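Hints in hand, dock the two standalone chains.
Sequence lines, in order, name chains Z and U. When we follow my numbering, the leftmost residue of the first sequence carries the number 1, and every step to the right adds one. When we follow my numbering, the leftmost residue of the second sequence carries the number 1, and every step to the right adds one.
Worth flagging that the hints you see were computed from the coordinates, not collected in a lab. These numbers come from a predicted model, not from an experiment. Positions of the beta carbon are idealized from the N, C-alpha and C atoms, including for glycine. Some clues are possibly wrong.
[As the list claims (entries may be wrong)] Computed footprint of chain U on chain Z, listed as stretches where at least three residues anywhere in the stretch have a Cβ under 8 Å from a Cβ of chain U:
#, region
1, 62 to 71
2, 325 to 331
[As the list claims (entries may be wrong)] Below are the DSSO-like pairs computed for lysine-lysine, each with C-alpha atoms no more than 27 Å apart in a straight line:
#, chain 1, residue 1, chain 2, residue 2
3, U, Lys179, Z, Lys297
4, Z, Lys110, U, Lys369
5, U, Lys139, Z, Lys266
6, U, Lys179, U, Lys37
7, Z, Lys298, U, Lys139
8, Z, Lys114, U, Lys369
9, U, Lys107, Z, Lys334
[Unchecked claim] Restraint ranges, calculated between C-beta atoms of paired labels, are given here:
#, chain 1, residue 1, chain 2, residue 2, range
10, Z, Lys114, U, His341, 25 to 35 Å
11, U, Tyr156, Z, Glu219, 51 to 61 Å
12, U, Tyr156, Z, Asn61, 26 to 36 Å
13, U, Ser389, Z, Ala365, 34 to 44 Å
14, Z, His165, U, Lys308, 42 to 52 Å
15, Z, Gly89, U, Tyr156, 25 to 35 Å
16, U, Leu106, Z, Gln240, 34 to 44 Å
17, Z, Lys88, U, Lys189, 54 to 64 Å
18, U, Glu157, Z, Gly28, 36 to 46 Å
Residues per chain are reported as follows:
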Amino acid sequence: MTSKEIFAKLHEVAFNPKQQLNQYLADGKKVVLVTYYTPNEIIHSMGLVPMGVWGADIQLNQSKKYFPAFICSIMQSILELGINGTYKGASALVVPSLCDSLKCIGQNWKYAVKDIPFIPMSYPQNRKPDYGKRFTKAGYERVISDLEAITGAHFSDDNLRVSNHIYNEHNAVMREFAEVASEYEVSAQERSDVFKSAWFMLPEEHTTLVKELIERLKEGPKDSRKVRVLVSGILADAPQLLELFEKYGIKVAFDDVCDESRQYKKDVPETIQNPMDGLVEKFCSMDDDTLLYDADKKRVDYIVTEAQKHHAEGVIVLMTKFCDPEEFDYVPIKRACEKAGLHQVNIEVDRQMVNYEQAATQLEAFSELF
Amino acid sequence: MAEEVKKQRPAPDPNSAKMRLRKIAADAYSDAVEAKKRGELVGWCSSNFPVEIPETLGLTVCYPENQAAGIAARGGGERMCSEAESEGYSNDICAYARISLAYMKLKSAPEQDMPLPDYVLCANNICNCMIKWYENIAKELNIPMIMIDIPFNPDYEVSEAEIDYIEAQMWDAIHQLEKITGHKWSDEKFRQVQQISGRASKAWLDATATARYVPSPFNGFDLLNHMAVMVTARGKEEAAEAMDKLNSEYEENHLNGTSTFHAEEKYRIMFEGIACWPWLRVTSTGLKGRGINMVTTIYADAFGFIYKDFRDMCRAYAEVPNCMNIEHARDKRVRLCKDNHVEGLLVHTNRSCKLWSGFMPEMSRQIGKECNIPVVSFDGDQADPRNFSEAQYDTRVQGLMEIMDTNKEAK
Ligand code: SF4
Ligand code: SF4
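Isolated chain U (complex conformation) (with noise of 0.2 Å):
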């Protein structure tokens, strides 16, 4: 018998943009943990609520769906998602907020600790589930709750209607907030955050941008990971600098010839949809292991909050994925496939979100045949284990990639 040889892995350099990017991400929570020991109020806050918001104020808050998504990661997502059954809630709600409930009722988990909150920042541009949830938080824990309604857009353009209604709930929420907190709104705090939002943004948006090259500089499933710093912390000055760093790497990279795809890239294609975080390795061995980059994803689009000034901050915030008509999004899909020469679609039809796997099937098929792409898709769930097939998600890659071998046969 072979004698196992471990590879020995070089320690990682903390000045990689990888490494700054797990310390912001970690940074979130113990920071939040001393706030709230320091007796300051912490709030807990749905992804696309604008950040610029608690940024300007100083408010110290907290990302529910991402920490679900770290206690899915971690293996905690059934425990957890069957606490939330136990008191009445249906297995059909979305696992985020099924995790987030159970959170709230034990008030920790191994997986990933958070403070328990004090007011509630609710905006619903990616559901109208967002809304449910909070409320039950708001009132269980009896806290206020701050409500930005962002309402689906059936359009291609945001209409000035909506970006008034918008803009004046941004000013109500603001509002609110220095009435609870007793921070203070600064115009001149906010064109900074805006200018490092703004600044974060575009780094990613080139990041992303870099998998044009052919092989593609870096492994899809890293902007899962890296784009928890843009979903809580686009605001602050060292997410801009470590996104800085990624894009530089990921240049670097392309000019060396190398990847953090450490594979042959033999396809590429997008994946549509969020990633089944309690199954992350086998998607992504699934696809590794035949050669299969995941270059691009939604998320490599959704993060480009760069607006001229306040009010196109209202209209940036009603052009967030969930948030848009199927033309406007089916287009923001077909420029990234043919941006990134992206040879076939992968679908998440995901059960925890309805509103992301609502119209997806027509979706993808324009996607499909806009772009002359094979579309296949898989059942899971982003957290709770349970909806996942390990053999269907096989057998579905398998097919993928048999479409796309004939496809380049027939070249």
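Same shape as in the complex, but just chain Z (with noise of 0.2 Å):
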């Protein structure tokens, strides 16, 4: 295939998620729904197919029952989608309990969704010692038997190890793809659809499509573009917003996004001889991220040194409305770049936001300062 038959394999995939969760479901396969950080080696090892939610662009109606105004529209809208029927056909929804709005969709979803359990994940935030690792290790014990409770799946060691080497592979291959996409042409839709199918297709399947993929890449034109941004968010997949990207010429050079390479971060280490521990190990090595308690803020230095790195002059700061965690983060981002003399901006977003226009007045002003 031409990267650009591979490029509308994926957009299709992204754009569809339903279709892929009924292709799944009619394979004879069960579903099962994943958010932030979920061990999804597990759900994948015990025969599951984990597949991604993180809401959609549309308007809310029933979860406003459930929810107040001013929880994040990724949130709302996980829960419109559960309680219109969208995921009909899964058999149970993850959720970690890593942020306050994390915590009460799961309390929402017991009572709105009744057709699909809800099982909590809970992870320390203290995740360094070694009582951190057992509490991590208790959760995942618990999602185990929930799921064997609800699926009738079982879970098996030797299942599990294969699964962790599965996605070790799949997290190098988008590490890699980050990169080629930095150096070559690669439009930030296309950069954006990659990331995004990853959550709604098995991860070996992903990692066919992607490895051909780079090699397509490496075959093409390298990017000319000078102005190169690191973009920084919870989630930057809204069309019309890509395509401001591309209307005042923003190359994404990296990213530091939660539904993007904030994924592919950390592996298994395989030489930890039980799988399990590896995972929890995974977990627990997991570091510059808004939602993993950071005394030092290290993720700051971290996103001016990716920047660096990827020769970005610029960060791009993509604020999901009413998400909190990242708002307290915003201050001590915008202080570093400026002392690293990186140009910053901070656009708010939402998954309900039909007018682009303060965006691209925003981006358009940004554009012009490289």
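In structure tokens:
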């Protein structure tokens, strides 16, 4: 396949998660909905298909009966889609309690979407000491027993070892893609499609496509745009927004986006004999993230370093409205960028956004700084 | 024109529970200022951090949430929030955090001063917003942050795995603090603190439970003020004594047929949420003017820190209001409503507090159903005055009253 063909396929998947869900169900598979840092390796190892939920750009109606207006639109729209039957057929929803809104969604979900059970995943914030690791393991064991009870599937260490490997391979491919996409000609939409589609496909299927894509891209031209940026945020997938990147000649040199590169930073160390301990180690070694406790705010330095490493002279913070963890981090990020001589801009985004005029004005002015 | 006659109020009795509690709360700030002057290290502490730890270690700590409430109640909320916003903080962030971050920058506020911290003590059993807020303080002031992670409990009971995790962190926190401050942990001192905190908690529970009497011997708005001492000083002897006194005063009121609710108690409601500090008077008179007494709030239950030992204390800290799942949180409120003959529920949909408000619509529906009482909510904010509308509050309270009236007639 040519790169255009692969991109088209991934675009199709990225924009039709419902079709993917139905296809997996039609193939006799059980699908488990997953969100932030869920143990997808475990789900996969039990023969279930983990499918990401990040909400959608839709009008909110019924979710308003549960959430007040000042909860982020990602949680609101996930609940809306749950209520309106979009996820019908899925076996369960797994949500970690890493921010206050994530804590709330499960409690609402239990009453709003009765046909899809909610499985909580409790992660430790103090994840480095041994006691944090033990607590992570207890959380995983709870997810396993809930999944076994709900789906009838079984867990085994051997299968987890295999899945850990498959996920590590996918991580590596996604990291490589991010680098290649930084160097070669890839549009913001194409880049987003590659990351987004990963949420709706089995990792082994996705790995194959992205590997081939990387090869094709390397045969193509290098990117020559001079406005190179690092994009940071929870999501960066709104097509109208991505179009503006093209319009103003902005190249995404790297990202610190939650549903993009943040997912692929850490692997399961396969040298650890017990695959469950390995998976625990993966979570506990994670850093540089809004949702993971970090008194030193290393995430801020991470953003500056990655921007510099990828020859980006600016940082675009895409701020999901009502996302308080990210809102807290913005101030130190802004200060660090200023100190490092990086341009920065904070653009508020929202799943219900219809008007991109303000974003356009901001991006246009921003692009002129370079 | 009739001449205005000013009622001569009797001078407050310094021995009354109210005055004692007020003094304890005020002393907490002046003690901290003094300690800082003496060159001692002072910590900032989140409201549901195990106070037993600083108390046993003999540390001086201040409570930013309390300070923010005080600043907001005295009219400084908007000024301080705007200050934080000018630094780049979104106005969606909890107003306590905004006020506190502004204070860190300005280093003083006429409404309520407090020394800047040498370390911060954070527990996220009330919210994860707390983590981000304290991270920013620790980073900006370059001071150590001690973090006890008490995860939101999705189940009814606290699991052994969670208690193990919390207990290990508590010891870790103690050892870190020993290193930072040079103070030493003593099991014996801990047992004393545990005993005092248990006594204060029991007196608080008893005092708030006098709302079972009809009419209630107190105005529920009292609790919003008195709880400051439960937050900050429940491990101190004088707090336990003042709480005992509060309880005996309420019992006496009942015997004498008096109350701190200075109006005829026609309706009894539960108030859900943090007070709207900038609008305390408006929200209070909106009820009192209609003969509505707020007889209970979840705070009545929230400070029941009675536990057997250190490990049991770890469990207790995982059972604070914002840490519980919807069923457990609901049942606690249902019990308060039933025990205290509550006829209506008034919910503060608090713009600042995502966790408190994030599943409140569903939970309050369930409470209303279970207790067969009307539920009405209003929009507000505990510290940013801009998020409250007096007119909306008035209409909603009036609506609640009318349903309670209809229910009474039907009886
Ligand atoms: S991290 Fe932000 S966007 Fe994600 S659920 Fe929490 S508040 Fe919403
Ligand atoms: S008001 Fe809510 S968000 Fe703010 S500190 Fe308190 S619990 Fe946390």
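Now the hints, each set against the structure:
no.	hint	verdict
1	62 to 71	holds (count 6)
2	325 to 331	holds (count 6)
3	U:Lys179 - Z:Lys297	holds (23 Å)
4	Z:Lys110 - U:Lys369	holds (17 Å)
5	U:Lys139 - Z:Lys266	holds (25 Å)
6	U:Lys179 - U:Lys37	holds (21 Å)
7	Z:Lys298 - U:Lys139	holds (10 Å)
8	Z:Lys114 - U:Lys369	holds (19 Å)
9	U:Lys107 - Z:Lys334	holds (22 Å)
10	Z:Lys114 - U:His341: 25 to 35 Å	holds (33 Å)
11	U:Tyr156 - Z:Glu219: 51 to 61 Å	holds (59 Å)
12	U:Tyr156 - Z:Asn61: 26 to 36 Å	holds (31 Å)
13	U:Ser389 - Z:Ala365: 34 to 44 Å	holds (35 Å)
14	Z:His165 - U:Lys308: 42 to 52 Å	holds (47 Å)
15	Z:Gly89 - U:Tyr156: 25 to 35 Å	holds (29 Å)
16	U:Leu106 - Z:Gln240: 34 to 44 Å	holds (40 Å)
17	Z:Lys88 - U:Lys189: 54 to 64 Å	holds (59 Å)
18	U:Glu157 - Z:Gly28: 36 to 46 Å	holds (37 Å)
The structure is consistent with each of the numbered hints, conforming to all of them.
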